[in-house]
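If you read the sequence shown in the numbering used here, its first letter stands for residue 1404, the second for the next number, and so on.
In short, the hints are calculated from the structure, not lab data.
Restraint-style ranges between C-beta atoms, simulated for each label pair:
#, residue 1, residue 2, range
1, E1449, T1416, 40 to 50 Å
2, A1479, R1417, 46 to 56 Å
3, A1479, P1418, 47 to 57 Å
4, P1418, Q1475, 43 to 53 Å
5, Q1475, R1417, 47 to 57 Å
6, P1434, M1502, 22 to 32 Å
7, H1504, R1460, 41 to 51 Å
8, R1460, H1505, 38 to 48 Å
9, H1452, H1482, 26 to 36 Å
10, Q1481, R1460, 27 to 37 Å
11, M1502, R1417, 54 to 64 Å
12, G1407, H1482, 25 to 35 Å
13, R1460, L1508, 40 to 50 Å
Every residue gets a Cβ at the ideal spot worked out from N, C-alpha and C, and that includes glycine.
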Amino acid sequence: MESGILYKQRYQTRPVRYQYLLTERGKDFFPVLVTLFQWGNTHLSEGAHSAELVDRRSGQPIQPQLIDALTQQPIALQHITLAAGPAAGEAMSRRASLMQHHYALLNESSKESL
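Construct all of the structure, not just a fragment, from the sequences and the given hints.
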């Protein structure tokens, strides 16, 4: 509640009961929650899952996947790198440039070994 992700709303007066709902900030955080939930089911549960995320309309389990909104392609770790953003300072720009140079060298090296 203090982080602004949830807010408390009374839904019953006798006895008083509350529900916790996502704020706009929480709705923006929702993909992170889904990803963490899926990670937990994959890496922390032994055997069958005790809870699943399902589509409310069909009742079918969902399989979350990170998708690039521009290309509609899955986001794969091996295909992304950090780049300096419009508000980046000199240190961040330098670090991002070094990372891109490093990955370019690795890419060249892996092509040569083929």
